[in-house]
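Using the hints, position chain B against chain A.
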Amino acid sequence: MSYVSDSSSLNKALRQQYLSLPQGHFCQVTYVWIDGSGEGLRSKTRTMDSEPKSITDLTEWNFDGSSTGQSEGRNSDMLLIPVCMFRDPFLLDPNKLVLCEVLKHTREPAESNHRNSCNKVMEKVKNLHPWFGMEQEYTLFGVDGHPYGWPRLGFPKPQGPYYCSVGADRAFGRDIVECHYKACLYAGIKISGTNAEVMPSQWEFQVGPCEGIEMGDHLWMARFLLHRVCEDFGVVATLDPKPMTGDWNGAGCHINVSTEQMREEGGIEHIEKAIEKLGKQHAEHIRLYDPHGGEDNKRRLTGRHETASIHDFSAGVANRGASVRIPRQVGQEKRGYFEDRRPAANCDPYAVTCAMARTCMVEEEEDVHELE
Amino acid sequence: MATSASSKLSKAVKQQYMDLPQGDNVQAMYIWIDGTGEGLRCKTRTLDSEPKTIEELPEWNFDGSSTYQSEGSNSDMYLIPQAMFRDPFRKDPNKLVLCDVLKYNRKPAETNLRQMCKKIMDMVQNRHPWFGMEQEYTILGTDGHPFGWPSNGFPGPQGPYYCGVGADKAYGRDVVEAHYRACLYAGVKICGTNAEVMPAQWEFQVGPCEGIDMGDHLWIARFLLHRVCEDFGVVASFDPKPIPGNWNGAGCHTNFSTKEMREEGGLKHIEEAIERLAKRHQYHIRAYDPKGGLDNARRLTGHHETSNINEFSAGVANRGASIRIPRSVGQEMKGYFEDRRPSANCDPYAVTEALIRTCLLSEEGEEPMTYK
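Quick note, the sequences are listed as chains A and B, same order.
The numbers in the first sequence follow UniProt numbering, run straight up by one, and end at 372.
The numbers in the second sequence follow UniProt numbering, run straight up by one, and end at 372.
FYI, nobody ran anything at the bench for these hints, they're computed from the structure.
None of these values were measured; they are calculated from a predicted model.
Cβ coordinates follow ideal geometry from the N, Cα and C atoms, glycine included.
Hints are not guaranteed to be accurate.
In silico negatives: residues of chain A with every beta carbon more than 12 Å from chain B [stated by the list, open to error]: (1) Ile55; (2) Glu72; (3) Ser117; (4) Gln281; (5) Lys334; (6) Arg335.
Stretches of chain A that chain B covers, calculated by requiring three or more beta carbons in the stretch to come under 8 Å of a beta carbon on chain B [what the hints assert, rightly or not]: (7) 162-169; (8) 294-306.
35 Å max Cα-Cα, derived DSBU-like pairs, lysine-lysine [as the list claims (entries may be wrong)]: (9) B:Lys118 / B:Lys291; (10) A:Lys12 / B:Lys91; (11) B:Lys118 / A:Lys277.
Bound-form chain A, shown alone (with noise of 0.2 Å):
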């Protein structure tokens, strides 16, 4: 049996009493940023005397960088600016949740805040309106740190049951992905799927079609609604790209792309020129698609488990092995999309759409290496 957190056992009934006390006019507004590892988020709460409309009610905050690990203690204010605005399915109208970029104190973007740059080149290809699709995979854990619903001190049986599974011995926590589901399309974000995983306590959302900064946006916030759904529930959904060794898949988070000229007649032509640069750019591209310059991902993109081989780029149509598919309907109707399956599941949704716009979408050399 695995473990799920004291917090959980707290009694909900009571909690309901008191979330379901009026609140006046009053609005609470939960600022969520990204923190200094890159996969952190975290977040604090302020009221408000009224309920903002957009984010232009919104004012600036700050908060202390040296205990979120992005500044020192004697110089530790960093500053937290209101990029997007979505309802909290937690607390419930009219309160908010906004996602914030974070600033140094000399208003410079802070080194895991990749959205600044990834702002200034979708400004740049808006007239191509890129369309973006992240497939979300985590991994529910217990707070023992052994996957949730596995045997307590050993494993489940082999893989080949459990993808888009149904009953007790095949999918094991539906109740978070039903719940985050929910909180999902209450809060406004863009999802648009789910399923269960290949691999046992194993699970995939899908955020998208966004169009531009949106994508980033939209799958932040999403992350954040599944760790907050999960401490509700007690368990941890982690995003490692290889939680377990041995015949066991990774976690990913393919990526859907497409410009109009991709989506309209004849626009196949466009996809292969687009996989033609990024055959190009792939060893730029693998340092860019986790939060650990690839490191990471070496240890999911094998070749084995529906991966390419880290080391090697390739392309096929409906090839799961490959580093970028192409759906066969895309191949039959010689338009849509294609789908780039080397980032992992942990990555920086803003690098990676920055990079797939600066390769496939930015003609001119200039000014487009602003390096993270």
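What follows is chain B alone, placed relative to chain A:
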């Protein structure tokens, strides 16, 4: 403890999330039969409005290499919506959608027996064939032992359990009650339930259904059963002989009639149909479980209210025969008959198709005829 870890997650917390409004968004869960011919898989997508008819649901695809249905290098398979039901887990306006599976070349997948069944049913529409199938199943703990049985042993011998009441006789009734209500909500034609002869074994009946509806409704009823069991943390097994020895097996007796059989003097047509079945016993045995008869070989022994797999027999009110004519039908000289041979894990498309071919299309011999 025999129930899953997931079943112990807080359902009060879950309810809070499931109550969140979802605007115009609709969750459609696509369900299909995997490469084993017995397993069911599912995944969900968001639609931006409620589909009123099956025609409004788009085609989809999935990774067949993860469901024993294709190779990784050419893994895309298609999902074609065929029947829509209300979702008793996520509730209105959300839907469950039963799908056909096609290979990459758009031919039916090996375990897609619906396509051929539909073709055959279309040929005999004017005969109005009605079916009712009696689905038996056993509830198991996650340890694989029947639910409620002592962990290293057996309960008292069969006798008190059939239609029994009491904690010492009926094991797992909650599952049955929940499943029944879920089927009624979903729109599945469930017509009854009862406790079966072996403890922890139960039965539900679906019908009367005309033509292709029988297979559709039974497969969705099975999905609902697995999903309800998952929620409770137990497992439903359709194994035709889950416990060897002096314990009943599990079948899927199929009741069948045509308009002629149901009308005055219909008994004559019933007897003609049975005569044709008598000449084609092996053909039907091969169609009546997913392993061409090997599963049923463990069940159809001639004991425990079964007929022997090697012989065909028929009789009024005879539960030891292959075909039983209910006593009331014998008296009123019209009605239906019961084929007791199909195993619990049969594919209802294969079973109903075989009955039509032999009884209505007058086929003979070991091979099915090819039409058009």
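Looking at lysine 334 of chain A again, its CB stays over 12 Å from all of chain B? Nearest chain B Cβ is 16 Å from lysine 334 of chain A, so the label holds.
Given as non-interface: glutamine 281 of chain A, partner chain B, CB spacing beyond 12 Å: At about 25 Å from chain B, glutamine 281 of chain A clears the 12 Å cut-off, so the statement holds.
Glutamate 72 of chain A non-interfacial with respect to chain B [C-beta, more than 12 Å]: holds (40 Å)
35 Å Cα cutoff - pair lysine 118 of chain B, lysine 277 of chain A: With a Cα-Cα distance of about 48 Å, the restraint between lysine 118 of chain B and lysine 277 of chain A is violated, given a limit of 35 Å.
Verdict on chain B covering the segment 162-169 of chain A, criterion of 3 CB contacts below 8 Å: holds (count 7)
Pairwise hint evaluation, lysine 291 of chain B against lysine 118 of chain B, where the allowed Cα distance is 35 Å at most: Holds, at about 22 Å.
Please work out if lysine 12 of chain A and lysine 91 of chain B have their alpha carbons no farther apart than 35 Å. Measuring from Cα to Cα gives roughly 23 Å; hence the hint holds.
Beyond 12 Å from every Cβ of chain B: is that where the Cβ of serine 117 of chain A lies? holds (31 Å)
Per the stated criterion, does the least C-beta distance between isoleucine 55 of chain A and chain B lie above 12 Å, as a non-interface residue requires? Non-interface label stands for isoleucine 55 of chain A: nearest chain B Cβ at 20 Å, farther than 12 Å.
The segment 294-306 of chain A covered by chain B? Criterion: 3 or more residues, Cβ-Cβ distance below 8 Å. violated (count 1)
Quick check for students: does the CB of arginine 335 of chain A sit more than 12 Å from each CB in chain B? At about 16 Å from chain B, arginine 335 of chain A clears the 12 Å cut-off, so the statement holds.
Hints 8, 11 from the earlier list are contradicted by this structure; the remaining hints agree with it.
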